[in-house]
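**Q** One-letter residues, chain by chain:
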Amino acid sequence: MVNGASLGLKAWNGPRRTGTWPRLKRYLLYTVLTLLAMGQLFPLIWLLDYSLLKSGDLFGTEFLKLPNPPQWSNYLKAWTDGLILPYFINSVIITGSTVILTVLAAFMLAFACSRMQWKLSKAVYGFVMLGMMIPIHATLLPNFQLFARLGMLDTYWSLIIPYVAFNLPFSTLVFTGFLQTVPRALEESALIDGCTIWGAMFRIVAPITKPAIVTVSVMTFVSAWNEFIMANTYLSSDRCRTLPFSVIKFIGYYTADYATQFACMMLVALPILVVYAFLNRYITEGVTMGALRG
Amino acid sequence: MYKPFSDGKAIALMVLPAVAFVLFAMVAPVFLSVYYGMTDWSGMGAMEYIGPANFREILFKDATFWRSLLNALWLAIVTIFFQNPLALLVCIMLLHSKKNSEKSERVFRTIYFIPAVISVVVTTRLWVHVFNPTYGLLNRFLSLIGLGAFKIDWLSNPRTALWSVILIVIWQGFGWAILFYYAGLVNIPKELQEAARIDGASGLKLYTKVILPLMTPVIRSTVIIALISCLKQMETVYLSTNGGPGDTTQFLANYLYLKAFVYGQYGYGCALSVIFVVVCVAGTVLLNALTQRDVGEF
Numbered sequence: 001m002v003n004g005a006s007l008g009l010k011a012w013n014g015p016r017r018t019g020t021w022p023r024l025k026r027y028l029l030y031t032v033l034t035l036l037a038m039g040q041l042f043p044l045i046w047l048l049d050y051s052l053l054k055s056g057d058l059f060g061t062e063f064l065k066l067p068n069p070p071q072w073s074n075y076l077k078a079w080t081d082g083l084i085l086p087y088f089i090n091s092v093i094i095t096g097s098t099v100i101l102t103v104l105a106a107f108m109l110a111f112a113c114s115r116m117q118w119k120l121s122k123a124v125y126g127f128v129m130l131g132m133m134i135p136i137h138a139t140l141l142p143n144f145q146l147f148a149r150l151g152m153l154d155t156y157w158s159l160i161i162p163y164v165a166f167n168l169p170f171s172t173l174v175f176t177g178f179l180q181t182v183p184r185a186l187e188e189s190a191l192i193d194g195c196t197i198w199g200a201m202f203r204i205v206a207p208i209t210k211p212a213i214v215t216v217s218v219m220t221f222v223s224a225w226n227e228f229i230m231a232n233t234y235l236s237s238d239r240c241r242t243l244p245f246s247v248i249k250f251i252g253y254y255t256a257d258y259a260t261q262f263a264c265m266m267l268v269a270l271p272i273l274v275v276y277a278f279l280n281r282y283i284t285e286g287v288t289m290g291a292l293r294g
Numbered sequence: 001m002y003k004p005f006s007d008g009k010a011i012a013l014m015v016l017p018a019v020a021f022v023l024f025a026m027v028a029p030v031f032l033s034v035y036y037g038m039t040d041w042s043g044m045g046a047m048e049y050i051g052p053a054n055f056r057e058i059l060f061k062d063a064t065f066w067r068s069l070l071n072a073l074w075l076a077i078v079t080i081f082f083q084n085p086l087a088l089l090v091c092i093m094l095l096h097s098k099k100n101s102e103k104s105e106r107v108f109r110t111i112y113f114i115p116a117v118i119s120v121v122v123t124t125r126l127w128v129h130v131f132n133p134t135y136g137l138l139n140r141f142l143s144l145i146g147l148g149a150f151k152i153d154w155l156s157n158p159r160t161a162l163w164s165v166i167l168i169v170i171w172q173g174f175g176w177a178i179l180f181y182y183a184g185l186v187n188i189p190k191e192l193q194e195a196a197r198i199d200g201a202s203g204l205k206l207y208t209k210v211i212l213p214l215m216t217p218v219i220r221s222t223v224i225i226a227l228i229s230c231l232k233q234m235e236t237v238y239l240s241t242n243g244g245p246g247d248t249t250q251f252l253a254n255y256l257y258l259k260a261f262v263y264g265q266y267g268y269g270c271a272l273s274v275i276f277v278v279v280c281v282a283g284t285v286l287l288n289a290l291t292q293r294d295v296g297e298f
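Residue numbers (the working numbering), protein chains in the order written: chain A, 1 to 294; chain B, 1 to 298.
Please keep in mind that the hints were generated in silico from the structure rather than gathered at the bench.
The reader is advised that the hints may include incorrect statements.
Distance condition first, Cα-Cα at most 30 Å in a straight line; then the derived DSS-like pairs of lysine-lysine [as the list claims (entries may be wrong)]:
(1) K103/B with K210/A
(2) K61/B with K210/A
(3) K232/B with K122/A
(4) K205/B with K99/B
(5) K9/B with K119/A
(6) K151/B with K54/A
(7) K25/A with K3/B
(8) K3/B with K122/A
(9) K190/B with K103/B
(10) K119/A with K3/B
(11) K65/A with K249/A
(12) K190/B with K205/B
Just a few of them, taken from the derived set where beta-carbon distance is under 10 Å, the chain A residues facing chain B [as the list claims (entries may be wrong)]:
(13) G39
(14) L83
(15) A105
(16) I229
All values derive from a computational prediction rather than experimental measurement.
Quick reminder that beta carbons are idealized off the backbone N, C-alpha and C, glycines included.
Between the sequences and the hints, there should be enough to build the whole structure, so can you do that?
**A** Okay, structure coming up:
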């Protein structure tokens with residue numbers, strides 16, 4: 001027997017919670033969300049697929065093609081010709097130093113401006129925050145000259161120093177916001193117990209500030225790890241070049257060897273994807289803690 | 001009596017590193033730019049002081065400079081009127097789907113942000129391949145749906161180059177927009193929504209009368225961040241079209257770079273840098289002042 005209910009017509013006069021309309025809405029919802037996810041992912045899947053095929057396959061008619069067998073040799077070639085390992089080590093050194101120095105400098109500044117009593121507190125804080133408005137690109141030309149005069153070009157410092165500077169304002173903002181939630185009584189009692197101000201700052205307050213430290217570290221890590229334009233300006237040899245340069249190495253040279261180029265791009269993207277898989281929670285928190293309060 | 005919280009030496013030591021970094025890598029270069037900007041100089045050799053001539057030329061004679069600003073404006077328009085509303089809508093949909101399954105909602109959010117964490121070098125080069133006229137994904141897609149006649153060289157065609165570049169930037173920045181709006185929506189207290197529901201606000205009305213007004217501060221700061229980052233666009237342009245063909249995809253940052261390192265007009269490039277800083281600072285201050293409106297405490 002065919003009735004209205006089995007045709008899905010019930011929803012139009014029945015209760016709205018269980019009928020066809022909410023189910024339809026749900027399908028629609030998931031269709032849109034899935035389409036967008038595909039839009040965000042498909043170019044990357046295409047990249048992964050063709051990095052495992054032969055270069056000539058790129059000129060076929062298929063969208064995607066099952067790699068059979070997968071051409072792992074592309075990755076081997078990308079690894080050696082793209083200087084992946086030396087560039088990776090440079091990236092680790094530069095990003096690691098940047099994160100440590102940024103956390104230290106921003107935490108001390110935030111502590112001084114939110115806890116210590118001094119006349120210029122607000123002025124100095126405002127001065128550092130002004131840095132948020134200065135575009136990186138406007139400092140490229142003068143810094144190139146400045147670093148050249150000081151013999152700093154093509155060294156780790158030529159990147160670490162500006163990286164720290166440009167990550168400071170946001171990091172200080174996050175720390176200051178967090179310190180407002182830490183009760184002052186903590187370091188006051190520590191001082192009464194005979195702690196120095198440095199002891200109170202690093203041994204008592206810093207451990208409580210751990211969530212903010214993690215957030216600042218992750219945000220600084222992502223920005224320093226992916227930075228390209230300053231590295232492209234201040235570095236002139238392979239000695240200090242960072243991971244993104246592996247991709248650049250293939251522009252021009254191996255124009256026909258697309259598969260190796262694609263494999264190289266995958267290798268460069270991989271470390272940050274692994275980090276993201278484990279730490280993406282902190283990126284979300286960083287945005288909530290910092291940007292929306294500013 | 002010793003007052004540890006106003007110990008001058010300790011304060012100086014705490015503040016000094018941060019201030020030194022900012023002075024050395026941000027403030028000094030701005031002043032240096034002003035100085036170099038008033039010279040006719042190739043970056044090496046003799047430097048000739050010419051006063052504000054460079055600045056006058058940029059503002060009154062340089063068509064590429066104005067073109068760069070116009071391109072940034074187009075990028076900003078697409079970001080604000082297309083990417084941001086879409087992101088907000090998707091966030092609302094995400095929160096609806098959360099009632100159904102928290103896990104799938106988290107997976108979607110994770111996926112949307114993936115392009116944003118990958119190095120811009122990888123994503124831009126990837127898109128250069130996608131736009132490639134012979135083997136690119138885009139032209140292949142057009143053939144597939146029977147629009148093979150529209151196959152073009154997206155990045156070299158003056159009519160499509162800017163839109164192609166804008167597409168790359170929008171695609172990569174989408175995750176950030178989602179993140180901002182999601183954080184804003186989650187921060188709206190549940191009680192307010194419940195109260196509105198009890199008062200009879202439902203469906204569309206709940207969003208237009210309750211949620212959107214409460215989201216105003218978030219929308220405001222996200223739009224300001226988006227506008228300023230459109231002005232600062234460089235990497236994607238540099239790695240895909242380098243401003244070409246002609247100056248159809250030129251942006252301010254890429255232009256000053258090109259002037260200094262390709263055309264050997266270092267002084268002129270520095271003058272552009274100074275104007276760049278002024279535009280960014282003035283833009284931020286102006287936008288903040290124009291959009292300042294109180295929505296009350298919640």
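**Q** Does each hint hold? Answer for all of them.
**A** Now for the hints, and whether the structure bears them out:
no.: 1; hint: K103/B with K210/A; result: holds (27 Å)
no.: 2; hint: K61/B with K210/A; result: violated (53 Å)
no.: 3; hint: K232/B with K122/A; result: holds (28 Å)
no.: 4; hint: K205/B with K99/B; result: holds (20 Å)
no.: 5; hint: K9/B with K119/A; result: holds (14 Å)
no.: 6; hint: K151/B with K54/A; result: holds (24 Å)
no.: 7; hint: K25/A with K3/B; result: violated (65 Å)
no.: 8; hint: K3/B with K122/A; result: holds (20 Å)
no.: 9; hint: K190/B with K103/B; result: holds (21 Å)
no.: 10; hint: K119/A with K3/B; result: holds (15 Å)
no.: 11; hint: K65/A with K249/A; result: holds (27 Å)
no.: 12; hint: K190/B with K205/B; result: holds (16 Å)
no.: 13; hint: G39; result: holds (8 Å)
no.: 14; hint: L83; result: violated (14 Å)
no.: 15; hint: A105; result: holds (4 Å)
no.: 16; hint: I229; result: holds (6 Å)
In this structure, the hints that do not hold are numbers 2, 7, 14, in rising order.
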